[in-house]
Each structure stands twice: as structure tokens, then as C-alpha cells.
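Undergrad: Now for the letters of each chain:
2 protein chains.
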Amino acid sequence: MLIFALGFRSFMTDPFVVVGGDAAGMSAASKARREAPDREIVVFERGEWVSYGACGLPYYVKGEIDSLDELVSVTPTEFREERNIDLRTNHEVTAIEPENQVVIVDGPDGVIEQPYGELLIATGASAIVPPIDGIDLAGVYTLHDMEHGEAIKNRLDSDDSIDRVGIVGGGYVGIEMAEAFHAHGLDVHLFEMLPHVLAPFGETVGKRVAEHLREQTVSVHLDTTVEGFKGAESVTAVQTPDSTVPVDMVLVGAGVAPNTALADSAGIEIGERGAIATDEYGRTSTADVYAAGDCAEMTHTVTGEPTHVPLALTANRAGRAVGQTVAGDPTPVGDIAGTASVKAFDLQAARTGLLDETRAAEAGFDLVSRTITTRSRAGYYPGGSPIDVTLTADRSTGRVLGASMVGEEGVPKRIDTVATALHAGMTVEELESLDLSYAPPFGPTWDPVLTAGKVLSGAIEH
Amino acid sequence: MLIFALGFRSFMTDPFVVVGGDAAGMSAASKARREAPDREIVVFERGEWVSYGACGLPYYVKGEIDSLDELVSVTPTEFREERNIDLRTNHEVTAIEPENQVVIVDGPDGVIEQPYGELLIATGASAIVPPIDGIDLAGVYTLHDMEHGEAIKNRLDSDDSIDRVGIVGGGYVGIEMAEAFHAHGLDVHLFEMLPHVLAPFGETVGKRVAEHLREQTVSVHLDTTVEGFKGAESVTAVQTPDSTVPVDMVLVGAGVAPNTALADSAGIEIGERGAIATDEYGRTSTADVYAAGDCAEMTHTVTGEPTHVPLALTANRAGRAVGQTVAGDPTPVGDIAGTASVKAFDLQAARTGLLDETRAAEAGFDLVSRTITTRSRAGYYPGGSPIDVTLTADRSTGRVLGASMVGEEGVPKRIDTVATALHAGMTVEELESLDLSYAPPFGPTWDPVLTAGKVLSGAIEH
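Chains as they are written, first to last, in UniProt numbering: chain C, 1 to 462; chain E, 1 to 462.
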């Protein structure tokens with residue numbers, strides 16, 4: 001097989017091989033298939049599930065989505081039969097040999113060598129399992145893959161004795177899972193070691209979300225390091241410096257880490273953010289090897305520097321671009337502004353760009369920031385609620401650097417206005433001059449983004 | 001007074017005089033006051049009401065807003081006492097004499113001459129009263145000013161005999177008033193002479209809104225010219241070429257026309273769109289005379305040509321800019337993309353930029369357009385509904401020209417993404433590469449705007 005791969009490379013094209021069958025991998029395979037109908041495309045996925053919406057897992061656990069199958073956008077059978085993609089589930093790629101242009105694959109029928117013309121590493125990320133005492137106790141869960149979601153849901157549905165649950169980490173997963181557990185009538189304790197939940201969204205968002213969680217009867221423990229989990233076989237308590245909080249179950253939402261071991265072993269460069277280094281086309285340091293999705297670094301829209309923001313759109317887009325490039329139409333993977341949104345019970349929070357002064361300074365910006373509060377509808381129109389907007393800019397150039405917002409309605413798509421302005425490199429003055437939509441049921445005459453622009457613009461001038 | 005004005009112009013500053021006390025006028029006066037605390041500022045308003053949200057009138061008629069006073073953002077007393085603005089209601093400016101730098105004002109105490117240092121014409125627009133037979137019958141209303149809103153509301157509240165109402169025109173006012181009348185339990189007939197309602201929003205929006213109106217039991221008569229109104233003293237029927245539709249009341253929503261007579265009489269240039277011609281600072285053809293708001297033309301973001309889009313944000317912003325300019329800090333009034341949104345019962349519709357092929361061709365663009373339908377939430381997330389997005393671009397350059405959308409949620413602020421892209425002059429490829437927010441409750445992974453971008457991009461390439 002190896003000899004075949006090397007010997008005939010100049011006479012025929014080896015397949016486009018993809019490692020990992022989730023967002024980036026399957027987007028790449030599908031796009032390559034559409035653009036190159038005759039190309040052989042092989043995808044190796046070590047698990048059973050492919051092409052699924054992991055972002056929906058908290059809502060599956062909550063009970064709003066009936067079956068995990070609903071999270072699957074395209075089934076393995078559809079990929080194989082309708083898209084003519086050689087998708088092999090339960091196949092784990094254990095090594096890449098760039099010098100031979102093959103991957104080593106451990107599958108149900110043994111170990112095989114698979115030659116590749118181009119290779120895409122789309123190994124994704126894994127939930128971080130922090131080295132906390134008692135992390136291995138039964139009843140301590142993480143939530144990243146379908147199996148995790150299934151395990152938590154089965155436990156909740158089958159075990160009536162669960163009354164109290166601890167959540168470690170106030171990030172996306174922690175916040176979304178607080179809502180999910182609360183829907184099951186549980187007493188929820190959320191532990192965050194930082195002074196605010198949703199740290200990447202800034203202080204205003206964090207404060208309002210924490211307050212809202214408490215209104216919903218979630219116990220929010222800020223500035224609180226979890227020292228360990230107590231219990232004999234199953235977890236029975238969360239230990240903090242101040243107290244021992246009894247729990248029947250724990251969800252650890254400590255973030256994710258890119259799966260880089262496979263690439264690293266093959267001598268492929270890992271970037272300064274800890275994910276696989278890539279160029280604007282998703283190419284790694286090794287010829288004919290691409291990386292995309294949660295395992296790869298991307299270029300930040302504002303700083304122009306490598307960053308690692310493992311989110312769904314990025315994975316889909318970068319995968320799709322690599323598929324197109326491999327099919328002969330070089331396509332940039334795009335850059336990312338770190339735009340994100342999250343639902344926290346009845347609140348919506350969103351962010352984009354740079355919000356942190358230190359991070360901005362590292363990129364050479366003198367970050368100035370203002371927070372304003374206006375309404376989600378015209379003042380006289382019933383049903384409106386406050387929207388808080390934080391807008392940041394570079395003091396010397398006036399360039400918009402980022403924004404965050406929080407409110408009960410109209411938040412997630414409003415952040416996109418600022419995300420678009422970031423891509424365009426707009427100044428605050430330009431942002432302030434945008435002709436945005438207005439109707440009394442949907443916002444004030446001056447959209448909250450414009451009001452934030454006016455106030456920040458004034459702060460920069462004086 | 002005239003001699004005073006001329007004789008002392010070089011020794012002292014005559015006041016900043018504003019004609020018209022609504023959005024543009026009061027924004028200008030307020031901004032000038034903040035920036036120039038010692039400047040004398042005089043505002044003449046021919047009516048009683050100043051600085052009110054006319055966009056809220058349909059919701060006042062509907063009964064969702066209790067009092068007209070709620071539509072007033074700042075009261076006359078507040079302007080006078082807190083902002084030190086010499087606001088004179090019930091004063092009509094009947095002439096401008098640029099050669100003498102005075103305005104002639106007809107007020108409760110007789111006619112006066114008022115010298116000005118700078119003059120702002122903010123005379124607004126008026127509802128068009130089309131020359132239809134029977135337009136003067138009792139029971140035929142327009143809706144533009146507070147008095148109109150009050151008259152219609154009083155009539156509905158006091159007259160139990162009203163069962164059927166005719167609406168002439170399927171624009172903003174017609175659509176919003178259909179909802180308002182329907183809330184009063186009336187049998188509503190809406191007449192639109194074009195093939196679609198909300199013509200500036202394009203065919204996809206128009207069709208879906210009309211269908212939705214019909215689901216709400218509104219009778220929508222498309223392609224139907226109203227030939228006249230029948231009745232002895234009060235209107236009793238709407239006459240069309242095909243039928244006589246009995247009604248007890250009529251609302252004519254035939255659009256608005258800029259109030260340009262005052263400017264025209266003073267020899268100030270009227271532009272090709274029929275409103276007062278202005279430059280980027282809101283200056284008219286006459287020295288020291290500005291115009292802003294619904295009476296003035298503005299520059300279109302996409303075409304760079306004069307346009308007339310009488311909407312609230314534009315009026316506020318242009319007025320504010322003129323106030324700042326007059327106070328010594330020259331500030332452009334901004335350009336407008338024609339961004340707008342409207343609520344139609346449970347639907348939201350929005351538009352921005354150029355949607356019409358002919359209009360685009362006039363501006364030198366070869367407009368290509370695609371319409372896509374996706375969902376307002378992730379496919380698996382409960383409660384989502386279809387969103388239709390039409391995106392337009394110039395075929396040769398790929399530059400985004402405009403968009404419209406319609407759906408049950410997430411529409412108005414989603415159009416702002418495209419509006420921002422228009423201001424930045426983005427191509428479809430750039431639009432498609434935006435890092436927009438995603439979370440399952442708020443949209444699909446690929447935002448509908450991005451999906452529209454992908455499809456339109458494909459159409460341009462091939």
C-alpha cells in the first residue's frame with residue numbers, strides 16, 4: 001500500500017483524506033464532493049456520530065429536544081449514499097506519516113495504511129478535565145460529545161434521588177446547563193473561580209447574568225475555586241475553601257482543549273495558542289496537510305494574530321473552504337472576530353472582538369470602553385426591557401475593537417452589526433453613522449449600538 | 001429689527017433659528033445648546049406638539065399606548081427650562097428672506113421679523129392627500145401628525161357604529177394601521193394599487209406579508225386602484241374598478257411629501273427627488289441656511305446620489321449634525337441606505353439598500369438577486385420559523401447592493417448586518433465571510449445572511 005502510494009503519485013491522484021467527522025471534517029468532505037464530483041474522498045471518524053450539533057446538547061439534556069438524532073444534520077448513510085463519501089466510523093487515525101503521505105488507521109478490521117493526496121486534520125477539541133481531587137468519582141460529568149449528553153440525560157431521567165447539582169465553571173456550558181438542570185427541578189450550585197461568569201463577555205454582562213441566575217434560584221458562587229469533590233464512589237459534595245456544598249451530581253464546564261496530539265506527533269507545528277498553526281488557506285506547516293475547526297488556530301479579525309476560538313460557524317466555514325481549496329479553487333478560511341452569543345434563561349448575551357484591556361494592549365491597542373443602557377424597544381412601546389451595550393475602541397485611531405451586550409431581546413443579531421464593523425475596520429465615528437433599522441416594536445430610534453457609538457466617540461474626543 | 005440684524009452682524013452673533021420643532025429641529029437645537037452653551041437658539045413650531053414619536057401613532061390608535069403624551073420624548077417646558085431653548089409653539093414661519101437674513105413669523109402676538117445667524121429648515125413632510133373623488137368626506141383620515149392620531153382614536157373610541165374600515169395603500173402606515181384597526185375588532189379592507197404590499201421591501205416580503213394579513217382576516221385587495229369614496233357627508237364605501245366595498249371609515253396611507261414651499265419661495269434649491277437639496281453638512285444652496293429631516297434630500301449610501309427617505313433616525317441624526325456644525329464643529333449629516341423595518345401583526349419585515357433592478361441600473365449597477373429561506377433558530381431547537389432573505393449585488397463587482405427579509409423573529413436587527421456591509425462597500429464574498437454570532441436559540445450555524453451570501457456568491461461566479 002505504501003509502495004503503491006509513493007510509486008503512483010505522479011500517475012494518479014490519491015484520495016482527499018479527512019480525520020474527524022464533525023463540523024469541519026464533514027463540511028470539507030461535502031464541499032470537495034460538490035466541487036470535484038470524481039475525487040475519492042475518505043473520512044475517518046473514531047466514534048459513531050458524525051456531523052452533529054454539539055451546541056444543542058444542553059437543550060437535549062433540558063428536555064426540549066427529544067432525541068440525539070435530531071442534532072444530526074446529515075446521517076452517515078446520507079454521506080455515503082447521497083454524497084458518495086467513503087465515511088468510515090469507528091476508525092481512529094493513530095499516526096500521520098507525511099514523508100510517506102499516508103495515515104495509519106486503527107479500525108474494526110485491523111490497522112491499515114491509507115495514502116492521501118491531501119489530508120485534513122479535523123480532530124476537534126475535548127472537554128478539559130481539570131486535575132481536581134475526586135474528578136474521577138461517579139456522578140462527575142463533562143459535556144462535549146453526544147455520549148456525554150446521553151449519559152447526563154439518562155442519569156437525570158432514571159435517577160429520582162438527584163436533587164442537587166454542582167456546576168464548575170460559568171462559561172457557555174455552565175450557564176446553559178444551569179438552565180437545563182433547573183428545568184429538571186434541581187437545586188443548582190454554580191461555581192466560578194473568577195469574579196464574574198461569562199468572563200469573555202466582560203463585567204457588565206457577567207454581573208447581569210449572575211443576577212438573573214440568582215433570580216432563577218441558581219446559587220452562584222463567584223470568586224470560588226473548587227478544591228475537590230467529596231464522596232466514596234459517587235460524588236456527594238463540592239469542596240471550596242469556605243464550604244462543603246452537598247451535591248448528587250457535578251457538571252464540569254472548564255472549557256475545551258484542541259486535540260493536537262496526532263498532528264504534534266507527526267511534526268506538524270502547534271501554534272502559540274496551543275492549537276494547530278495554519279495559514280489563510282488552512283494549510284499546516286506540512287505540505288498537503290490542512291487543519292480546520294476546533295483543533296486549529298485562526299487569524300483574529302482585529303489583531304491579525306493567531307487565535308483559538310473553537311466555535312461551530314468557524315469550524316463549518318473553515319472546513320468548507322478547505323474542501324473548496326482541495327477541489328482546485330483556493331479559498332481562504334476567513335478570519336474570526338470571536339463573535340458569540342448565549343442564552344441564559346430569559347437573558348441573551350453576546351460579544352465580539354476585543355473587550356479586555358490587557359489583551360488589546362498586547363496587540364498594540366489603547367483600549368477605551370464605555371457601557372450604556374438603553375431599551376430594546378421605543379420608550380413608549382410596551383414590553384421593552386433594558387439592553388446594556390459595552391463598546392470598545394482604540395483611543396488613538398478610533399477604530400472599533402469590540403462589543404458585548406446583554407438583554408432580554410434583540411441582542412444576538414445586534415452584536416452582528418459590530419462584528420461586521422470589525423471586519424470592515426470601521427472607526428467609532430463610522431459605526432455611529434450607520435443607517436440601522438428602526439421601528440418602535442424593535443428598538444429606540446437610536447439603536448443601542450449607535451448610542452454606544454455616540455458616547456464612546458465623545459469619550460475619545462475629549 | 002431688520003436694521004439691527006444687518007447692522008450688527010459683524011459685532012454680535014444672531015441666533016440659531018430653527019423652523020419646525022420635531023425630530024430634526026429639536027435634535028439640532030439640543031445639540032447646538034450642549035455644544036454652545038451661550039448661543040441664543042430660537043425654534044418656531046407652527047403646532048402645539050414638539051419632539052414626538054410619530055412612528056408610535058399606529059400603536060396609540062391600536063390602544064397599546066395610553067396617551068399621546070407618552071410619544072413625546074422631551075416636553076416644551078423641558079426644552080425651555082432645562083435646555084434654555086427659546087421654543088415658540090403656535091408660531092408659523094411664513095417667509096425666509098435670505099438677503100436680509102431674517103425669517104417672517106406669524107405668531108399669537110402678530111407678525112414678527114426674526115434675524116438669524118444660521119437657519120435650519122426642518123419643516124418635515126405631510127401625508128399625501130391624493131385627488132380621489134370623495135377624499136373630503138367625513139370619516140376619511142390620513143395619519144401623520146398627532147392630531148390625526150387623536151382624531152382616529154377618538155372616533156374609534158366614541159363611535160360604536162364603525163364595523164368596517166378601508167385602508168388605501170399597503171405601505172408602512174397601511175400595514176401598521178391594519179393591525180391597529182383589527183385590534184378594535186373591525187373588518188379591515190386594504191387596497192394596494194401595486195401587485196404587492198410594502199413595495200420597497202420587494203416581492204418576497206410583500207407576498208408573505210399579504211398572506212399573513214389574510215390569515216389575520218384582513219381583506220387584501222392587490223392590483224386595485226381606488227377610484228373614489230362614496231357617501232353623502234360621511235364615507236360609506238370605497239369604489240374600485242371591480243366593486244363597491246362598504247366601509248364606515250377610511251385611512252389613506254399614500255405616503256408623504258416633503259414640506260418644501262417655504263424653502264422654494266425663498267429661492268432655495270429643491271433637488272431632483274423633490275425635497276430640499278443639501279450637501280454633506282446639510283447646507284442648502286443658500287448661505288447660512290441648512291435643511292434636515294423629512295423635508296431634505298440625503299446622499300444614498302450605495303448610489304452616492306441624492307435620495308429622499310423620510311425616516312426618524314435620519315431626521316434625528318441630520319438635525320444633531322447640523323446643531324453640532326452650527327456650534328462650530330463641522331459634522332457630516334451622514335448618508336442613508338434606506339434601512340427600514342416594520343411589524344405586520346406577527347411578522348417582522350426589513351429592508352436596506354437597492355432591491356430594484358431598474359433603480360440599480362440607473363445608478364450603474366447590474367443587479368443580481370437571490371432569495372433563500374432558512375430558519376430563525378437551529379433546526380432542532382423548538383419554536384423556530386422560516387426567514388426569507390433576498391440579497392442583491394452588482395454582477396460585475398460583486399458589491400452588495402441591498403437586502404430584504406421577512407420572518408416571525410430575528411429580522412429587524414439582522415438587516416443591520418447588511419446595512420453595515422453597505423456602508424463598508426463590502427462584496428458578497430466579504431459578507432459571506434463575516435464571523436456572525438451563533439447559538440441554537442437564535443439562529444442556524446450559518447446565519448440566514450451568510451446563507452444568502454453563499455447562494456448569491458455562487459450565482460455571480462457561474
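A portion of the hints provided could be inaccurate.
It does not matter which identical chain is used: a pair holds within one copy or between any two.
[As the list claims (entries may be wrong)] Simulated pairs of lysine to aspartate or glutamate, EDC-like, Cα-Cα distance not exceeding 20 Å:
#1 Lys-62 - Asp-145
#2 Lys-454 - Glu-35
#3 Lys-62 - Asp-288
No lab work stands behind these hints: they were computed from the structure.
Note that the coordinates shown come from a computational prediction; the quantities given were computed from them, not determined experimentally.
Undergrad: Hint by hint, say whether it matches the structure.
TA: Right, here's what the structure says about each hint:
no.	hint	verdict
1	Lys-62 - Asp-145	within (16 Å within a copy, 50 Å between copies)
2	Lys-454 - Glu-35	between (46 Å within a copy, 14 Å between copies)
3	Lys-62 - Asp-288	neither (43 Å within a copy, 64 Å between copies)
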